[in-house]
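Q: Residues per chain are reported as follows:
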Amino acid sequence: MDVEDGPVDTFRARVRQWLADNAPEPTVNRSPEEQLAAAKRFQAALYDAGFAGITWPVEFGGQGLTAAEQQVFNDEAADYDLPTDPFMIGMGMCGPTLVDLGTTEQKTRYLRPLLRGERIWCQLFSEPGAGSDVASLQTRAVGDGSDWVVNGQKVWTSGAQQADFGALLARTDPDVPKHQGLTMFIVDMHAPGVSVRPLRDMTGRAPFNEVYFDDVRLPADAVLGEVDGGWAAAVTMLGHERVSIGGSVRRRHDPLAYTNLAELARRTGRADDPVVRGELAELYAAERALTLFNSRLRQEADSGTPPGARGSVAKLGGAELLWRAVRVAGLIAGARTAAWDPADEAGEELAVAINATPASSIAGGTNQIQRGIIGDRVLGLPKEPQVDRDVPFRELRVGTQPRA
Amino acid sequence: MDVEDGPVDTFRARVRQWLADNAPEPTVNRSPEEQLAAAKRFQAALYDAGFAGITWPVEFGGQGLTAAEQQVFNDEAADYDLPTDPFMIGMGMCGPTLVDLGTTEQKTRYLRPLLRGERIWCQLFSEPGAGSDVASLQTRAVGDGSDWVVNGQKVWTSGAQQADFGALLARTDPDVPKHQGLTMFIVDMHAPGVSVRPLRDMTGRAPFNEVYFDDVRLPADAVLGEVDGGWAAAVTMLGHERVSIGGSVRRRHDPLAYTNLAELARRTGRADDPVVRGELAELYAAERALTLFNSRLRQEADSGTPPGARGSVAKLGGAELLWRAVRVAGLIAGARTAAWDPADEAGEELAVAINATPASSIAGGTNQIQRGIIGDRVLGLPKEPQVDRDVPFRELRVGTQPRA
Amino acid sequence: MRLVLDSEQRQLRSTVRELLADHAPPTRVREVMDGGDGYDPALWRRVSAELGLAGLVVSESRGGSGAGHVERCVVLEELGRALAPVPYLASAALAVDTVLALEDATLEQRLLAGLASGERIGAVAPAGDDGDWGSATASLTAGWRDGGWVLDGHVSFVVSGDVADTVLAYATAPEGPAWFAVSGDAAGLGRTRLRTLDPTRPMARLEFASTPAHRADGADPAAVLEAVRDRAAVALTAERVGMMSRVLEMTVDYTKSRVQFGRPVGSYQAVKHGCADMYCAYQQAESVLRYAAWAADHAPAELPLAAALAQAHTGPASFRVAADAVQLHGGVGYTWEHDAHLYYKRAKTSELLLGAADQQRERLAERLGV
Amino acid sequence: MRLVLDSEQRQLRSTVRELLADHAPPTRVREVMDGGDGYDPALWRRVSAELGLAGLVVSESRGGSGAGHVERCVVLEELGRALAPVPYLASAALAVDTVLALEDATLEQRLLAGLASGERIGAVAPAGDDGDWGSATASLTAGWRDGGWVLDGHVSFVVSGDVADTVLAYATAPEGPAWFAVSGDAAGLGRTRLRTLDPTRPMARLEFASTPAHRADGADPAAVLEAVRDRAAVALTAERVGMMSRVLEMTVDYTKSRVQFGRPVGSYQAVKHGCADMYCAYQQAESVLRYAAWAADHAPAELPLAAALAQAHTGPASFRVAADAVQLHGGVGYTWEHDAHLYYKRAKTSELLLGAADQQRERLAERLGV
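Chains as they are written, first to last, in this note's numbering: chain L, 15 to 418; chain F, 15 to 418; chain W, 42 to 411; chain Y, 42 to 411.
Because the hints were derived from the structure by calculation, they are not lab data.
Beta carbons: idealized from backbone N, C-alpha and C, even for Gly.
The reader is advised that the hints may include incorrect statements.
What the hints assert, rightly or not - DEER-style ranges, computed between Cβ atoms:
#, chain 1, residue 1, chain 2, residue 2, range
1, Y, Ser224, F, Pro40, 42 to 48 Å
2, L, Lys397, F, Glu314, 39 to 45 Å
3, W, Pro341, L, Thr414, 47 to 53 Å
4, F, Asp355, L, Ala27, 58 to 64 Å
5, Y, Glu160, L, Ala27, 46 to 52 Å
6, Y, Ala342, L, Asp404, 58 to 64 Å
7, F, Asp286, L, Asp358, 35 to 41 Å
8, F, Asp286, Y, Ser224, 38 to 44 Å
9, W, Thr68, L, Thr414, 17 to 23 Å
10, W, Pro341, F, Pro40, 33 to 39 Å
11, L, Thr414, F, Arg408, 36 to 42 Å
12, L, Asp404, F, Asp235, 29 to 35 Å
Chain L on its own, in the form it takes in the complex (with noise of 0.2 Å):
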């Protein structure tokens, strides 16, 4: 559908030719455990095929190619169910990152494993105290020689039971203000003093984890970015993580999406009602105008424009399209969205999705998040009164919990 010229052409034929010979069958009946090691030997031919991290250095492992590519690619991608999800959180928000913040040793030793999918990472941010509001954390890492030695709990952390490495934020400071006294760590999930319980969400599923540090010792060079200079880590990660959620391909069977929508209405009949039209029509307007934003990001980024805080658009346009979704899905299915027979089994593939809607608006930063992060940082409206900026961590009220 697009027409384009020279290099990014050639390299879209390769993709395609590539997929259309690798690319796995979408497979059903395995273990977690078989679907795991197929998704690291796909992520090894990826990478020995030259479409792993595309835009990332070459010394490193990456493809030094530009935004460009990575949209062909995932242009192309999108007509296959590629087994990438264990490694999202590292392909796009922690290896970002340690290519923009890591010592020249950090990026030798993780990015080319990472690339490999030899090694699984995730994100520890999030805690029960300290969702918005991420710099209130309460993790503890207390120097101990050129030792850290780190206690506390870290909740909605994807991935983190098959995890090798997660990013670790945690405070190094209690006595300054919340801001200023956290570091990022590198942490080895498989540590000592590590664990990992899974948590249930709302679908019923455990995506997310809880993760548990009970006096984990964490060497001096465990350190990414600067001691208690975490918050600027963390601020490029939730950037990255912005541009990874908005941007994220819409997978070929996602039920909510525009195209399933409008096959499901045909199989039911409900594609000649202009009510069910009129909303199909509404739904494809706004995943195509996000596509387009999201595209034009990438292009812009081509060009030199970065996108900083304009990832939010995506982050929030994406989650209102679902809800969007949600809607026309009801109108379209009724009470079969509701019910189905328990040997029907894309039966509750609808259901699930529906259940899994609610993460898209508050998961990596809620909706109002985002708009407050437009409102700050792309429109440099006046910041709300803030009441907790200078004052030491020690003395604030933060969750809903009693203090560690």
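Please arrange chains F, W and Y on chain L, whose structure you already have, making use of the hints.
A: Same frame as chain L, now just chains F, W and Y:
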């Protein structure tokens, strides 16, 4: 439609009969002066028939009945276009506040002429620098012997060009925090130094005015409520205002009312379109839900539960309803909404109504302010940090303008 | 028209609320939900046999308490608030309403007292494969065989259909649509509990193979379908209003206590105004409910319009409120252990149970004469 | 697919913006609006004759500048931003597009150079009484009389129809719909300026009484209607994006400086989040615009879908943004003297000019093959 027993039924029959006999035909080609004279005649007739001030005390000219009778009257009146506009501020806001806070002398002097349509009232609160934040107003009233001398400017004053009296909120002490130094006055709009200039709004009409006070002298007995207790008086009046706006009867001729849009759909052949039907049904539902909520508030008031801040639900709901109606109107009438033949006198009705709609969510307290009232006062949510609460008014920055 | 509860009705509300606080706290709701039964027989006995709440719209002479829809709606509100695991909607609302509407003396005699006392659980089966009311006529047929009626085919989306002692099914008979009563243990009746978006609202698919049935005589079958559907809309509205009141309460409590950035999140306009919008939706829905319930009791001619209004308006509104509740709880509202999701799922199911939104709007438009 | 402007296009934008800042400030817009002409001839000369912007999509060999839709959209954005009182939409977009689509050599020769230079103002008249595109066939008929075609009947909602030197009308000829060119001073042509919701967008009703007309030959008339409508959708989208950028800018500036309760109103979440939503709508609309303009130039096969997308999406979005702008200005935004209302009115008119929302959605659904 309503099934009732007893005195209310009798009352309804009496109202119905009287309106059938006395409601004037709508007039279109009269001068404003003739219209005002006719309105005054009708109000006097209402009073004589015992339908003015239905819930007001008998001793001051009211009927001493309950909100149930008022509702009956409103319901029946909805079938007519009664010329009661000039008296809305007096009947809905100033009068009830006088009943609540006036001295016996004030009540005796002002209420009966108000009810008989002999005197018209306006409300003088808003200023260019004090909109949502009414308490930041800058109009000064300075004591001079037992008199007060008023200087300043008000804005958004409905009906000031016709008004005989105004309820004025002015600053009597600028050295205390803004809420503490206000006083409410009854001001003679014909007094020397009061000047009224029409203010054109976005419909191109001038239903509002700017009112200038230039050394206007007020006697001591012009104070309504307590000196420096004007904020409490204003809160009382604003409460009446929200109930009055929220509970006000949809006019029979309102082109954005469901009934008229349904009729428009029939007339334009759009009533068989499933999309139009669905939107009309939703509009009806929203309108009816709000009407029922208002009726419920009145019934609760009769059983001894005053509406309090719940009037804001009605005010907010009314504005949202109009915005929905604007959408439905465009759906039904398409380009005909946007242009019409100069010879078509009714052609502009819809356009004027669309252009008047923003007023519904701004005037009398914006939607944002109403949601704050509901959150704070109905739900008891914690207040926002108030940066100006304890600061003497003199030291505050207000509006967008240099300080007076 | 009366839109406020009187003191007896408020008393009834308190009684039911207290009962459910004791016997259907969230922990119990979850036990039943995780167990396989789909309802709590002990709680059902308390609600029906002990308090006599299953027969509120049944006259005393026929075994009920002769109260009315206003009272039944008060009960349904509380059941909705608590997500109480009892087959009240199916039995004390839908099935009772169907039997009353059918005006079949035999059926009344055989069923009504048991339904009113709660000894008999009823369910109504008007829907076939697409879930639309009345569509059972496409999948269920009735024939006269060996001196009696038998049913063949299937129905689906039958609320509490897995535990019902009696199923009232809408089928195609040789002369057109008709209602049939089928015993839960009839020969040739197969029941499959469906998997549901809402784990607290069991539904079943029923298969009929030459299943003996009693054919209802009396009222016009299509008119009965409409009458029951109207009353179902009002009953669902009552549940929704109860749910809205509960999730609003939860959300206000949470946002008062949850601190982020040094102050309670409920002090932020984005949260506060969200709560205000929830409140407005809830208050208007409650007003619509009171009107519709009043119409069901006192102005039957207004009921078709009032019921269509209630369904079209409160179905989407209650889902929006439930979704906002999850949102304003942030991460914790998205966990399985928090109750917010149960309301979210119930509200979505409730919105779709009588058919998709456009059907509800069209039904209202028709009744308005648009 | 290219979604960002190159440096030349950005330069064009600056040039037009500066011109309009100098020659079409709000005061001038209001003078023209309050006067009776409906446009500013001097400004029109600057835009067309001096800068050559009226012929951007016309090839150089035919008197234009051979740029493209992307460039024309840049100009339309700026004209929309300024609400500039020139008949650019009618003449440089609709009329030019119609002549190009008609593929009638005589017409091209007679009209194109004049339209491209701005010496000739064109207007397109496809709508009859209900304003729907194509509905002129119900109110305007063509007949062959005395060796030439004449038109009888009327059309309405003709943008800039009161000042056009040439009107391109869609009428019913004996064999079916056909396009006709009519001179503005033709015998039997009556023109009435309509009263409009948007005082900056003049529209007219034209009456034809045996009015001589030139019948266009060449392309299929219905296909021309579709082609022009698609391009009109893109042109309107460009105006909308320009309007959105301006009202957002206004609103952000105002809410930064307006203090209530001791702090700028833009620091309140209710206001800030409203601005953020406006920004999101604006950014997505701009993305859609760039795509549709690119398609018009480089991927004509994608244009029908892209244009339907642009129209269905940005019509309602720009009205919402303009309405939010009035709202977030509070009282002052509701005054006649503030410019916010002019955008509100333009946006509402723009949303309806090609027909009501359901038509736009259905058009998109058709092209999607739903």
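Q: A separate judgement is required for each hint: does it hold in the structure or not?
A: For each hint, the structure was consulted:
Here the CB-CB span from Ser224(Y) to Pro40(F) is close to 46 Å, well matched to the stated 42 to 48 Å. Hint check: Lys397(L) to Glu314(F), Cβ distance near 41 Å, so the stated range 39 to 45 Å holds. Against the hinted window of 47 to 53 Å, the Cβ-Cβ separation of Pro341(W) and Thr414(L) comes to about 49 Å, which satisfies the hint. The hinted window of 58 to 64 Å between Asp355(F) and Ala27(L) holds, with their beta carbons roughly 60 Å apart.
For the pair Glu160(Y) and Ala27(L), the beta carbons lie near 50 Å from each other, so the given range of 46 to 52 Å is met. Between Ala342(Y) and Asp404(L) the C-beta distance comes to about 60 Å, which sits within the given range of 58 to 64 Å. Between Asp286(F) and Asp358(L) the C-beta distance comes to about 37 Å, which sits within the given range of 35 to 41 Å. In this structure the supplied range 38 to 44 Å holds for Asp286(F) paired with Ser224(Y), their Cβ-Cβ distance being about 41 Å.
At roughly 20 Å, the beta-carbon separation of Thr68(W) and Thr414(L) lies within the given 17 to 23 Å, and the hint holds. As the Cβ distance of Pro341(W) to Pro40(F) is approximately 36 Å, the hint placing it in 33 to 39 Å holds. For the pair Thr414(L) and Arg408(F), the supplied restraint of 36 to 42 Å holds, since their beta-carbon distance comes to about 41 Å. Distance hint check: the CB atoms of Asp404(L) and Asp235(F) are about 51 Å apart, inconsistent with the given range 29 to 35 Å.
This entry does not satisfy hint 12, going by the numbered hints stated previously; all others are met.
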